[in-house]
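**Q** For chain A, the structure is supplied; the task is to place chain B on it using the hints.
In case you want the letters, here they are:
Protein chains: 2
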Amino acid sequence: MNPEILFWIVPVASIIALAFAAAFFFNMKKADEGTDRMKEIAGYVREGAMAYLKQQYKVVALFFIIIAVIFAVMAYFNMQNDIVPVAFLTGGFFSGLAGFIGMKTATYASGRVAQACRDEKDGLNKGLQLAFRSGAVLGLTVVGFGLLDISAWFLILDNTSLVEAEGVSKLVQITTIMLTFGMGASLQALFARVGGGIYTKAADVGADLVGKTEYHFNEDDPRNPATIADNVGDNVGDVAGMGADLYESYAGSILASAALGAAAAAAAGSSYDDALRAVMAPMIIGAVGAILSVIGIYIVRTKPGANQTELMAALNRGINFSGILIAIFSALILWALGINNWLGLWGSIVIGLIVGIAIGKVTEYYTSFEFKPVKFIAENATTGPATVIISGIGVGMISTCWPVIFIVVGTIGAYLCAAGEFAFTAANMNQGLYGIGIAAVGMLSTLGITLATDAYGPISDNAGGNAEMSGLGEDVRSRTDALDALGNTTAATGKGFAIGSAALTALALLASYIEELKIAALKLGENFQVVGDITSAQLAKMNIAEFMASFDVTLMNPKVLLGIFIGAMLSFLFCGLTMNAVGRAAKSMVEEVRRQLSDKDVLEGRKKADYARCVGISTQGAQREMVVPSMIAVLVPIATGLVLGVPGVFGLLAGGLAGGFVLAVFMANSGGAWDNAKKYIETGDAPFCGKHTPIHDASVVGDTVGDPFKDTSGPSLNILIKLMSMVSIVTAGLNIAVTLL
Amino acid sequence: MNPEILFWIVPVASIIALAFAAAFFFNMKKADEGTDRMKEIAGYVREGAMAYLKQQYKVVALFFIIIAVIFAVMAYFNMQNDIVPVAFLTGGFFSGLAGFIGMKTATYASGRVAQACRDEKDGLNKGLQLAFRSGAVLGLTVVGFGLLDISAWFLILDNTSLVEAEGVSKLVQITTIMLTFGMGASLQALFARVGGGIYTKAADVGADLVGKTEYHFNEDDPRNPATIADNVGDNVGDVAGMGADLYESYAGSILASAALGAAAAAAAGSSYDDALRAVMAPMIIGAVGAILSVIGIYIVRTKPGANQTELMAALNRGINFSGILIAIFSALILWALGINNWLGLWGSIVIGLIVGIAIGKVTEYYTSFEFKPVKFIAENATTGPATVIISGIGVGMISTCWPVIFIVVGTIGAYLCAAGEFAFTAANMNQGLYGIGIAAVGMLSTLGITLATDAYGPISDNAGGNAEMSGLGEDVRSRTDALDALGNTTAATGKGFAIGSAALTALALLASYIEELKIAALKLGENFQVVGDITSAQLAKMNIAEFMASFDVTLMNPKVLLGIFIGAMLSFLFCGLTMNAVGRAAKSMVEEVRRQLSDKDVLEGRKKADYARCVGISTQGAQREMVVPSMIAVLVPIATGLVLGVPGVFGLLAGGLAGGFVLAVFMANSGGAWDNAKKYIETGDAPFCGKHTPIHDASVVGDTVGDPFKDTSGPSLNILIKLMSMVSIVTAGLNIAVTLL
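Sequences listed follow chains A and B, in order.
Counting from 1, position 431 in the first sequence corresponds to residue 431 in our numbering; the numbering is continuous, with no gaps.
Counting from 1, position 485 in the second sequence corresponds to residue 485 in our numbering; the numbering is continuous, with no gaps.
Okay, chain A solo, but in the shape it has when bound:
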């Protein structure tokens, strides 16, 4: 079929996704807000969240302006395309907008979900649907804006004279320019994850350390001054942060695949139509996945009085439906598109889907108390907090094994399927790397619904908070608890999925970096001599392996090796800085909470706690602390490029990607396992059980340590590994200039 006709699925899907997001939002707004007290609580959380987001966007805007100016200067010196500064800004804008809408929805929804749960007959089903469809607003906004930005830019660049080249090389140029809008999304995501992560865990750690450990309050006790900040944090970190993270992976994987597809076609000397098919394929798969996600969302419902298993089954039904259908539809799309080796590429997509599920399952194994690892940690609570920490770190470190094997096997499989032969050769490298990108697109194609399950978690959690603080009955709380427990399982799987997709996306971005290098090299001068006597005409025809050989990016080049060292170190440094940031912000919070609770009137509930002050501490802490790690993430790739050139940057990206991925899995799984080890002890199923015993206290220490592990440092690494590639992509011109001139 004509690829240009099929392309229109992309903007149409974008509009469908956004329309349903709007519909879900307005439907939710119509729901009953509940009692005055419930409205008041919801209002506090909403205000706090919006106040924080405003502050965050201020800092982000400053960064965006500075970087856009730098791009403009680079463009002026012909080291970057003129359109890049604008593309960069739109990427950041849409990512920010998606996060804003998602969070606004979540803060409107949670009180209403609590109110829906008050319905004695059908409360659970109503609550589930309201929470899930509110979460779907984030999912659909992310994919909708992602597809909108992609299709709009493609139409503009394809139909105007902004790009001067013709035929296949025009496609190569368009797709490489579009990649840079991923940089905007990346930077936005960085601040959202780091800032949001610091915010949420400063509040959580502060609330727990004093409230739970010192005063033995329950979760969300209204006397705890940090409790509103804690609820705000869920929205700021788990809704806005997660959304921005996956927006970046989603857009990044589609854009990287498109660029790799165009490059592969150019290297193979394919026709314009074949090249266009390769560029369209990832976009169309994303678009169809978005539509299937909408259908999947409608399938999620459960009967009145459903239990935990039935609730989980309802969610899974929606996800499985979308996943199975996209596996089938993508075969149809590739076949209808008439793309070369469609069956092989379909294999890559299916591999991407399977790797996503497999990493999710391993994450569940290591973080759910149904299985041995978490039980092992819980047993270690009998010998005190130290052994809880030791065993949790041990389990988390061991848990890195399978995800790495899945990524490795999946990458090999996706490469070989797309290459269409059972060998890694220089000739099939372009096509093989395209397969890796396509696998990432496959994994993320149903993001609309998987992200809905992620955002569902904090909404239910906040609904529970609202119910507790508003003093609603035990039965209501038990319904919100059931919804919340479900959210914890989906959150763990969602985190595994976010890391896995970040790794595949980063691999695709790493491959795209070479394309940017080639374009940059060509741009630097028509008769530019790359190595020895290679002219730009020869350069244009080179495949990846040949081009790379001219840079000596072998592992024996000390610059490469040292780049790998720096990359691995950077992940640790970044985590260390964010861990300490949480520590410092939490310390201020602890002191404030202790100060307020030293007032007997506050402690005994006669005087209202000063929630705003705690919200302010988290906001300021996050804002202050997010700058240094973020600047390091942006500046180190640039500095490495200036000092060590292209080989150093490659080493940095490879070391950062491998080291960052492993560290991220470790931190996320240790954190998740500690969390559930504590919950396991609380269930009372263990031979050692019950709240407020020394064993439980030991497990609370693990949980508190795990908070920044799983919600700040770990997820921030997802962004780091993608952002470093993105920064290198947009500074490829600089790298080339330093290395070759």
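Certain hints may be false.
As the list claims (entries may be wrong) - Straight-line alpha carbon distances no greater than 30 Å define the calculated BS3-like cross-link-like pairs of lysine-lysine that follow:
no.	chain 1	residue 1	chain 2	residue 2
1	B	LYS29	B	LYS54
2	B	LYS121	B	LYS39
3	A	LYS212	B	LYS375
4	B	LYS361	B	LYS375
5	A	LYS212	B	LYS679
6	B	LYS39	B	LYS58
As the list claims (entries may be wrong) - If you want the ones that stay clear, here's a sample from chain A, every Cβ over 12 Å from chain B, calculated:
no.	residue
7	ALA22
8	ALA31
9	LYS121
10	SER391
11	GLU604
Derived from the structure by calculation, the hints contain no laboratory data.
None of these values were measured; they are calculated from a predicted model.
C-beta: ideal position from N, C-alpha, C; glycine also.
**A** Frame of chain A; chain B shown alone:
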């Protein structure tokens, strides 16, 4: 000067070092053993240590026999030299023997040091000298046996017809064969570090968790049943383990440099004499360093009633003396040897020395309570154990930054100095990599005295234990405490030094791997076609860069990238397994100690605790738990070679080296910082002070978590990064066969 005459310095230095080691040992044996009770306590520790070492050697012997048989089979199929199985065994034997002698000395010495400290007038000086010279037995045995093994093998291979080649290529073959005896040292070191690390921390954690936390005993309280096991552990882990680790680095760096020197000479088409000079240089520098160490050891003495600063100054005087002299002498050696670019190579040596000192200083900054990081962790103890852990992990992660920068800058500097020009080119790569090896030799040249300061620590610690358990007076205990405190500072610096030298040695080994590949390729067939139409005659003339190009070890080769992922993951997996091993062994220990102390007679000191049972638990735990991590370390490089070939192995080594180094620094420094944060709180200088307060208890949790960090998992990574290179070196023939046939 004729290199063949200068070479004789090596065996002579070896004999001098061993002779002084023997003299120090017999002098120590003559010292007074003290009271019967002191003899009894020392006897328990000695018996426990020897019993453990016997068990460890049994397991190790089994592994050695299996691997020697595999080598013999490989040699039979021409994939390995016939001499390798024997060379492998001697490397392991001498490493084991050095550890045995060092530990035997330490266990004889500690009681005598306690007795020396009873001298009211000159106790401190006597104690210091006795402890330090006993530690020197380990230092001198390690360098003595290392030099003996190296010089003996070189003489045998050079003067017999075991190696058939002639001229420069004979040197290339000899040095590559000799490298494989490093594999024996590596394997021995692995078991010593992993087994010893598990032993010592199971005992320590067990002793602390029940004795200190639950019963508020002091350190080394004789009622604590695990206290003897704890003292045994210091010897097993910090004496035998540390010794084997550094034996491996010492021998590995000399052997790798010799191999790289021969290769560089071969590639440059140098004369036989020039090649011989390049091979001799690292050996002679090591030999002169050994002699200077002996002199340095004699300088360490202090006046009666010296304070802490004076004691430290005494130790530093010895170390600085040897360090400065080796810097001067190595210039003389290189000049006298008439080696090409002697000034540049001298620069590499000086860089190695400086990097070693710099990493030690950074380690001190991050782990001593004189500075901000540890104080920051201590402050976090006011908000409980969770914030102690969070801040300690944060500090440890941040602390990886400088060591990586030092290694990176040092490596670049050593390369460029040796290359003699300010550029990394394919032509100067051989010479540059030789410079990296020579820098590692420089760093380790005065190992005789630096290792003495390491072994001094556990001897003083045990002396304190003996004094406490024998009920000696407060004044004696205060003297042993002064010696012990000094040991803690030297231990932290020593750990930084061990990691830094491991990284440089591993880099040199990685470079040597290529030489082994070349030899293996040549061996596989006289007309073996490497890539396209390269014959073995052409192959022999290739430089490293050309040879590497034929394997496509570029970063865009997916096999390389995936190897990097596996390497990074392996470090985490290895740490996770050792952490959990400590956790499990400690848990058995805790249960046993609790069981014994539930007997009121034991608790109140009327009935003697059953020390032997705790010693047995640690021994069995270590023996059982060390097998799986060790097998993984050996098997993964082999499996990667079989599946992903040479590119995969390169990726694995680079990823493992970078990831492992950073992880090792993080774990060692977090652990050290927690330890000293606790000590800082105990000093009472802090605004929050004193033992057995909630703040102190929180810091004890950090210290306990830090134990396996700094003494088991962290140091074991030193071995992992070297061993993986070693395994790849000895299986190079297999890798070549898989990749090219």
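**Q** Look at each hint and say if it fits the structure.
**A** Structure-based check of all given hints:
1. B:LYS29 to B:LYS54: Answer holds: B:LYS29 to B:LYS54 is near 22 Å, not above 30 Å.
2. B:LYS121 to B:LYS39: Holds - the C-alpha atoms of B:LYS39 and B:LYS121 are around 23 Å apart, at most 30 Å.
3. A:LYS212 to B:LYS375: Given that 30 Å is the threshold and the Cα spacing comes to 26 Å, the pair holds.
4. B:LYS361 to B:LYS375: Given pair B:LYS361, B:LYS375 holds - Cα atoms ~17 Å apart, limit 30 Å.
5. A:LYS212 to B:LYS679: holds, 29 Å
6. B:LYS39 to B:LYS58: Holds, at roughly 28 Å.
7. ALA22: holds, 41 Å
8. ALA31: At roughly 38 Å from the nearest Cβ of chain B, A:ALA31 sits farther out than 12 Å, so the non-interface label holds.
9. LYS121: Label holds. Min Cβ-Cβ 43 Å, cutoff 12 Å.
10. SER391: violated, 5 Å
11. GLU604: holds, 24 Å
In terms of the numbered hints stated before, the structure departs from hint 10 and from no other.
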